[in-house]
Every structure is written in C-alpha cells, then in structure tokens.
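What follows is each chain in one-letter form.
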Amino acid sequence: MHQKTLVELSADLQKGSLSSEELTRACLERISKYDAELNSFVTVVDQQALAAAQAADARIKAGKAGPLTGIPFAHKDIFCTRGVKTSCGSRMLDNFIAPYDATVTQKLLEAGAVMVGKTNMDEFAMGSSNETSFYGPVKNPWDATTVPGGSSGGSAAAVAARLVPASTGTDTGGSIRQPAALCGITGIKPTYGRVSRYGMIAFASSLDQGGAFTRSAEDAAVMLGAMAGFDERDSTSVDRPVDDYMAGLNAPLQGLKIGLPKEYFGEGLDAGVAAAIEAALDEYRKLGATIVDITLPNTHLSVPAYYVVAPAECSSNLSRFDGVRFGYRASEPKDLEDLYTRSRGEGFGDEVKRRILVGAYALSAGYYDAYYLKAQKVRRLIRDDFLRAFEQVDVIMGPTAPSVAFKLGEKADDPVSMYLSDIYTIAVNLAGLPAMSIPAGFSDGLPVGLHVVGNYFEEGRLLNVGHQYQQATDWHTHAPQGF
Amino acid sequence: MSFIIDCATFAPLFLTRSTDYGVTMALDASEIKKIAHLARLGINADDIPEYSRNLSDILAFVEQLNVVDTTGVEPLAHPLEATQRLRVDAVTETNNRDNFQQVAPEIESGLYLVPQVIE
Amino acid sequence: MEWETVIGLEIHTQLATTSKIFSGASTTYGAEPNTQACAVDLGLPGVLPVLNAEVVRMAAKFGLATHSTVAKRSVFDRKNYFYPDLPKGYQISQLALPIVHDGYLDIDLEDGVTKRIGITRAHLEEDAGKSLHESFQGMTGIDLNRAGTPLLEIVSEPELRSAREAVAYMRKIHSLVRYLDISDGNMQEGSFRCDANVSVRPIGQEEFGTRAEIKNISCFSFVEQAINLEVERQIMLIESGGTVVQETRLFDPDKHETRPMRSKEEANDYRYFPDPDLLPVEIDDDFIEAVRNTLPELPDTRKARFVSEHGLSDYDAGVLTASRELADYFEAVVEASGGQGKLSANWVMGELSGALNKSDCEVKDSPVTAAALGAMLQRIEDGTISGKIAKQVFEAMWNGEGSADEIIEQQGLKQISDSSAIEGIIREVLDNNPKQIEQYRGGQEKLFGFFVGQVMKATQGKANPKQVNELLRKLLDS
Chain F
1 MHQKTLVELS ADLQKGSLSS EELTRACLER ISKYDAELNS FVTVVDQQAL
51 AAAQAADARI KAGKAGPLTG IPFAHKDIFC TRGVKTSCGS RMLDNFIAPY
101 DATVTQKLLE AGAVMVGKTN MDEFAMGSSN ETSFYGPVKN PWDATTVPGG
151 SSGGSAAAVA ARLVPASTGT DTGGSIRQPA ALCGITGIKP TYGRVSRYGM
201 IAFASSLDQG GAFTRSAEDA AVMLGAMAGF DERDSTSVDR PVDDYMAGLN
251 APLQGLKIGL PKEYFGEGLD AGVAAAIEAA LDEYRKLGAT IVDITLPNTH
301 LSVPAYYVVA PAECSSNLSR FDGVRFGYRA SEPKDLEDLY TRSRGEGFGD
351 EVKRRILVGA YALSAGYYDA YYLKAQKVRR LIRDDFLRAF EQVDVIMGPT
401 APSVAFKLGE KADDPVSMYL SDIYTIAVNL AGLPAMSIPA GFSDGLPVGL
451 HVVGNYFEEG RLLNVGHQYQ QATDWHTHAP QGF
Chain Z
1 MSFIIDCATF APLFLTRSTD YGVTMALDAS EIKKIAHLAR LGINADDIPE
51 YSRNLSDILA FVEQLNVVDT TGVEPLAHPL EATQRLRVDA VTETNNRDNF
101 QQVAPEIESG LYLVPQVIE
Chain A
1 MEWETVIGLE IHTQLATTSK IFSGASTTYG AEPNTQACAV DLGLPGVLPV
51 LNAEVVRMAA KFGLATHSTV AKRSVFDRKN YFYPDLPKGY QISQLALPIV
101 HDGYLDIDLE DGVTKRIGIT RAHLEEDAGK SLHESFQGMT GIDLNRAGTP
151 LLEIVSEPEL RSAREAVAYM RKIHSLVRYL DISDGNMQEG SFRCDANVSV
201 RPIGQEEFGT RAEIKNISCF SFVEQAINLE VERQIMLIES GGTVVQETRL
251 FDPDKHETRP MRSKEEANDY RYFPDPDLLP VEIDDDFIEA VRNTLPELPD
301 TRKARFVSEH GLSDYDAGVL TASRELADYF EAVVEASGGQ GKLSANWVMG
351 ELSGALNKSD CEVKDSPVTA AALGAMLQRI EDGTISGKIA KQVFEAMWNG
401 EGSADEIIEQ QGLKQISDSS AIEGIIREVL DNNPKQIEQY RGGQEKLFGF
451 FVGQVMKATQ GKANPKQVNE LLRKLLDS
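Residue numbers (the numbering used here), protein chains in the order written: chain F, 1 to 483; chain Z, 1 to 119; chain A, 1 to 478.
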C-alpha cells in the first residue's frame, strides 16, 4: 500500500477498497518503525490523525469527498497548526503550541487531508542540509550517512521513505527543490504569491513560498491545487483563480521549447549529475520538445544577492522572538536587555544567529546602499534575464543541485560552501518564478533532480512537463532500499 | 567520484571566496559585538572569532555584487511588482486573549510581564 | 547675546478608524488589557499585515487640506528596534516615500499676523502598545491594545520661532484633524501628542544649533512649558561654556524640567528597509478627486465666510471657527434665529461658552441645542423678551426647564410693551420719589438711571427698556 501514489490511494478511498483510517494507521506504523532512524518528524499526532481519518471516511461515505479527502500528509513544522507544537526547527519555539492555523493548514484540513505530524527542518528554514535543526539532522533514506537536503529535509525524507504519500514544504532559496532532488522525489514551488504565506513562519518574506512534495507530478497537481489560492490575509497573495492543474497534465509536449542556460553547465557541476540531466533532455527530445540554448548572464550574482536580501529580511522577521509574548525565555533575566540577549542568544542556533548578524549589518547605517539596495538592483537584473529567456522558450531546465546528496557534517562548518549547493535554485526565488524538481536518474546510486522552471503562474505547464516525463520514464517510482 | 562541491571549482564562473576575489573584508570582534547588540543577540565571547571569520567570508562573498554596474536600475523589492491591496475598515477580530496568552512566558492580570522598564 | 529659538514639531495623531491599520482588531479606547490585541497586533509567528483603506483616505484628506502633495506611490518601511511595547521588534512606518509631503499651514499669531508654517511630510505608521510601570513584583506590564492603532505623523519644517508659535501651530493642526473628521484629537487618551525638536542660535546666525528632541508631550500647556524650559536650559548651558548634545529628552511637569531619556541613551540605528510583507501603495487621480469631494469647508475658508456672510469681526470669526463643532453649532443657531449672525455670535461666545466652561462640557454635549438657542434669540428679536430677561431664560433652558417659549410663558417673563401700562407704573414711581425729581430737575441728570431701575424693579425687569426710556424722559422733562 505504501508504494501507491496519492492519486492511486485517492481512487482506492473513493472506491471503498481502502479506508482513510486503515491508510492513516499504516502511515503511523511506518513512522514509528522507521522514523527513529530518519528523524524526519518533530511531532507525530496519532490521535488527532486517526480522528481526522474517521471524519474523512464519513465524508467519503457521504459522497462529499475531494481528491485529498482521507489522504495522510506530513506538514512542515513552519506552518502554524492550532493546538499542535509549531517549532520551526528551533529551540526558540520548542514550547510553542500555535494558537491559530496557517491558511495552508486550514485549506488542507478543509480538503479533508489527514495531518499525521509536523516534519523536521533546518532551523527557521535556514540551511540546505537539515543539519541546523534543534531536533538534530534528518537522514537521507537513500543513504543514512548523507543529508536529505534542506531546509524542508524532513518533509522530503518522509515522502521518499514512503512514510506518507505527500508533504508540504517551503522554498526560500531552494528549500523544496533541493531536498526533492537529493531524496529522489517530486517537489514544486509555485509562483511567489500563489500560496498564502499567512501562518507560515517567515524567513525572508519576499522570497518565501509554500509548496509540496509528492512522488509524482500528478500527485503534486492535487496537493498544489488544494494549497494554492488567494488569501486576503496576505498582502502579497495574488488575487487570481487557480488553474485546474489536473486538466492539463496530459497535453502532449510536441513543440515544447526548453531553454538550456549555458551558465548551468559550467565547472562545479558533478559529472554524474550532468550525465543524468543530458539523458533527461534526450527523453524530452523524444517527447517532441526542442532544446534551445539560452543565457542567464547574471546567474553568478544570484547567490551573493540572495545572501544579502534573505539575511536582511530574516534579521527583521526574527526580531519578534524576544521572550515576551511566546517562545523561549531565558530564566531569571536580570533586566530587559538581559531578557532579550539571553532569550535570543540561547533560543537561536548558530546558523540563524549568523544570518541575523549578516542581515543586521547589511541594513545598518552606512551599509544599506552598498548591500541591500545593491542586491535589490541586481535582483532586477536576474529577473530580467528570465523574462528575456521566456520570450524564447516555454520552460527552462537544468540540474536542481550541483551534486547528489552530500555527507552529513561535510559542509556544516563552511557556510559559503553550503550556500553554493543552492546555486541553481536561488535565482528562481529572487525572480519569484515557479519551479519544480523531478527525479531524473541516479549518480553513484543517489538520486539526481531535474530542475524545471516556468514563467509566472505556469505551474500547470510545469506539472504537465513533469507528468509527461514520468509517463515515459520510471525514475520517480524507484524507492530507496529497505523502504 | 566525489559529491563534494568545492566552491573553488566554480571559479571563474562563480567567484566565491575572499581569496578568490581579492577583497579583504573583515569584521573585527568589536564590530561583531556592536551588531550582536543591535540585534539583541547574546553570543559567547569564545565564539566571536568564528563569527568574525564566517561573517567576513560571507561579506567578502557578497562583495561580488559590486562588479556589476547597476546605474539606472530600479531595486526590485517584490518579484511581481504588484501594488498594495486595501482592506475595508471593519472589526473582524474578537477577544482571543486567553488563547494567545497560553503560550506567554509570564503574564499577570492580562498583561505580559517584562523586567522593569526605565524611561 | 540675543538668542533665537528654532522649533520643529512632529505631531502624532491617531486616526479615527474602526479597526487597526494592519489588522481587523478594534481601536476602541479603554478595553481590558490585551483584549483588543489580535494575532497580527501581537506579532505572532507567521502573521501578516494588510492595510486599512480608511487610513489612506484619511491621510489623503489631510494632505489636500494642507496644500500638500498626496503621493501617488508611497511605501511602508520597517523601523527596527527592540522595546517591549513594540511586538514585532520593528514599527511599520514610512521613511523614504511618505503618503503626504510638502504642504503648509497658516497660523494666526497674537499680534494679528498670519505666519505660514511648512509641513515637510505626513506619514502613516502603527502606534505601539503601552508599558504599565506600576509594579508587578518589580516588573513592567505590557498592554498591546494600542499596538497597531493607525497614526499620522505630521512633521513641520523648523520654522516655529517660539513656544507660543509652536502651540498656535499645534492647536491649528488639532482643529484641522477634527474638522476633517480623521481624528478625535483626544489628548487625555493620547490620540494627539507631539515631539518637539528644539534648538537655539544667536540671532543672525544662519546655521541651526544642535537640537534636543523632547518626546511625547501630551497637552498644549505642556508643549509651551517644555519648550520654554528647554530653551532656557540650552541658553544657560551655552552661555556657561557648555555645548548642547543631540539627544532625546523627557518633559517632567511635576519637577518642571526636561531630562535625558535613559532608555534612548544610545544612538539608535533603526535599519530601515521597505517592509517586504507590504506592497507599494498606489493611488490615482480618481481616488484623490473622490477624497477632495468629501472635504468639509476648512477653517480658514469658513472664517472668511463668517466675516462676509454674518458680518462678524475677524476675531469673533476666528474664535467661532477654532473648532468644527463650535462653528457648526454657531451656524445652526444663526439659522434657527432667522439669520441673526451678530446676535448669535454674541450668545455663543458669551452665555453659551461661559456655561460650557463652568460645567466643563463640550459643545456637542450642550444641554441647550442650537435650535433651542436660536428660537430664544428670535424672541429677543421680536421684542417678546429683553436681552436681560433672555439671560434668565437661557439659564432655565440650561437647567432643562423647557424651551424658551415655555419658560417665558410659565414664568410670565413676557415683556410689557403696552405704553399706557408702562406710563402708569412710571407715574407711580415718580409720585413716590418727589425728592429725587427735584434733584434731577436741579441738574443731577444721572438720577435718570435711578428712575429706570425703579421702573424695572416694579415690573420685575419685564418692561420694554426702550419704551421705559422714552416715556420716562417725556414725563420727567415735561
């Protein structure tokens, strides 16, 4: 049962050959069996999940079910969930039982999806390996000595290990796509503004975007369909109807123009990854697509621009964690200053502190123009590169990450090297474009992700492009050994 | 085959390190302390040298931005460049204090308590 | 050395919206602590701000009323600092692109001169919560009900040259925001308060001296006292060889001094940057025109009209237009009195204002309505009662004894205008005072007043004074 996709499970639920309660119990059992090793969950909500499953079964019986009704999912611990701990992977929020639901939480629960727990993540989504979590690193199911990627490492590992058919993630610089690639699953980050950020604990507001992990593009269409939509509580949410993502999945790819940025295939790209991507492009040629060489000349500036903009926004976003109204509070503060500095000093981990310091510095008097303003100008150049490219092509493809999963601890002490593992994904966040990663083979026995970037609001096309590839290949069906 | 991406191998396309770039950009201990204070972030004295090294690395890395000419380029604060939507002036929230204060570290008579504030 | 004072004011006025600037929580004053602080106001993890349409409209109204530019595009920034009453660790404000800029306001000085004061800018921002310092086992309590209340911060050019001018300017802004119906201006509740930037320089010197900022002054008389004290302090300091340091100070009305604020000692680095949770506010000409159409007649225009239309003096027109409520009341009295502008002005500024002051009552809460007062003035005009009796009628009306007509009827206050009746009473008075008649006719003409008094006394003031005068003179001089 655990090898079935979300869409297959949904069909079984509708037919009545499977109940949500059975399915949910099966997921909970797999979690208790495997997660002590993987560490992909921070919180598991057995009782709440079973109650939700029973309610879903009643709803299915009453004929009021949708495609997600009764489907168990794992929720990244960055989304607020009323009555359930929402830690954001931080000691700062280890005691935080969210008093309200994020819009995404609300939408998924209303669709009848069954939340089985909250997944581990890099602290406040700052990291590319899931090693910055207060709850310890997550293991990659393909090789427990490697990282699952980050920041949504727990969500990716849980789906890759077949603990749940789907999970949520957030992507600020690649935090959905990079772990999807490293864990051999499908991950989609929609256009900025497509999924509400309300109740999603902010890292960098102008870059953060919620999305989903599944094992297929078709499943991703179901998840995204439920998560997306205008939210009046989010000023940056876009008021425009959500496309029917399922409807376009089967469109043929004949005539599809795929842009291939020459900048993505330079030095630094692992040869095995490059080979897998070449093979995937051949497959697309067979499906009728044409490959067009393009250039994104400012690509090399995206990581530096990102590491100004994201820390700047984070330094301000994380000021609210001050030990006064919620979250960690240092014991016996001797004065107000002590309350602030110790609560924050003890509540945040190293990487978070590093980014807060960089951000505060970049915004401080005398440096604002040189760093923040400059980065926002470069950001426009990066976006304009994409806009020009999309005048020529329908989608842009390349590797999601420059290598397959790296070893735990390998880059933990070298922030800059860690930042470079997001080198292909970051520009997309700066531009706010939709993108996904789909499994495209293996290198040295570990999964390789194909990165597909679309024009604004073309999530439907991305899913179609992914689905057609997955009809022609079976990379997405490979499960890690033992799962 | 190695999975390690040594950032130096990205050169020359991806300039990375201060050493690659030839910029000396260092934050000394007093600057780290100043910024830490600005951010009300307690950091151990022992960790300051490492913060100093890390931050200097990061700043040197982002110095690459200065290579590109951005004369006449408008900063892009938001990808979609949309404009602010306005909310109707109406009360939509009701008293939810008890729920919100369940997660509060220290309260009394409905107030959040902090060490004495002196103006 | 002769010194010149230079003052710029930053006035914070709460906007009278129903809900907060970025959340749907109520802005009502005086609720139980933290019962009006919703998730957004508390800055809970994950919450986001959405801008209230009304604050944009109100700010535009203020801009139009002060000849300012209402910006087609304005941007909200974050001002980052830590303080317990600031839940998010930043205040959402506007720095580089405020919604209103480059306007002016004319103020009237005591010597009758009008002075134009430049308004640099007016920007929107959120108010902070309140710290309650009464001790909770040595701790401070934080109430965030006020957090997120919309504020318009109005920044003047440093063109005010005395505490008096500063107060005149502040009063004018106070009157204006109430005219515009964008703020209740309630100073006790903190809806209207100001920071004063004060410096001194030798007369004739061009560059400004170093300024001190006096924070959070909450009433007009304090503004005057605080500025005067600060000016004195600075002059004494300089003259004794010291230098003024740029700092934030607090006015202590009890100790009658300004002193440096401890909590703001260090130079703040606010790390302003555009709030990424909010998008630029764009408004078009249609919006601005629609706002323009809702503008009431403004104080200066109204004052000029009172002079030309109701024949009032400049001074009277100024007093009556100082607040919109008073001006509205006055115009309603004029209408009810059948167009008696001058008489209405005298009564509103005289008896009515006196009674309001005595009972510490606002004009909007006056027990004597404008219609009732106007009706009474008609009775003066048509001769039913004299001006003197009217005061008695007004007092009865104030005490809730009924309308003017009812009181006149019940208390028999109708004026006696029957000549033969008055003549009879006069003859009686003359008969009873032969000695005084002799003295009067012997040249002591001021005794005329004595006879008038006797007649009025005999009629309990009801005799028509004009007729009494005429008949008395005729009988005495015959």
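In short, the hints are calculated from the structure, not lab data.
All figures in this text were calculated on a predicted structure; none of them were measured in a lab.
Hints are not guaranteed to be accurate.
[Said to hold, decoys possible] Distance windows between CB atoms, simulated: (1) Z:Gln102 x A:Asn357: 47 to 53 Å; (2) A:Val113 x F:Leu387: 38 to 44 Å; (3) A:Glu289 x F:Asn250: 47 to 53 Å; (4) A:Pro260 x Z:Glu108: 28 to 34 Å; (5) A:Asp286 x Z:Gln102: 57 to 63 Å; (6) A:Ile288 x Z:Asp28: 34 to 40 Å; (7) Z:Asp28 x A:Pro260: 45 to 51 Å; (8) A:Cys361 x Z:Glu108: 34 to 40 Å.
Backbone N, C-alpha and C fix where the C-beta goes; we use that ideal spot for every residue, glycine too.
Item to complete: Please test the hint of 45 to 51 Å on the beta carbon pair from Z:Asp28 and A:Pro260.
Response: At roughly 30 Å between Cβ atoms, A:Pro260 and Z:Asp28 fall outside 45 to 51 Å, so the hint is violated.
Discussion item. Given a hint of 47 to 53 Å, does the C-beta separation of A:Glu289 and F:Asn250 actually sit inside it?
Written reply: holds, 52 Å
Discussion item. Assuming the hint says 34 to 40 Å, is it satisfied by the Cβ distance from A:Ile288 to Z:Asp28 or not?
Written reply: Given range 34 to 40 Å: violated, Cβ gap about 52 Å.
Discussion item. Taking the Cβ atom of A:Pro260 and the Cβ atom of Z:Glu108, is their distance within the range 28 to 34 Å?
Written reply: Because 31 Å falls inside the window, the suggested range holds.
Item to complete: Can you let me know if the beta-carbon spacing of A:Asp286 and Z:Gln102 is within 57 to 63 Å?
Response: violated, 47 Å
Discussion item. Taking the Cβ atom of A:Val113 and the Cβ atom of F:Leu387, is their distance within the range 38 to 44 Å?
Written reply: 59 Å Cβ-Cβ, so the 38 to 44 Å window is violated.
Practice prompt. Indicate whether the distance between the beta carbons of Z:Gln102 and A:Asn357 respects the range 47 to 53 Å.
Written response: holds, 50 Å
Item to complete: Take a look at whether the Cβ-Cβ distance between A:Cys361 and Z:Glu108 falls inside 34 to 40 Å.
Response: holds, 38 Å
When the structure is compared with the earlier hints, violations turn up for hints 2, 5, 6 and 7 and for no others.
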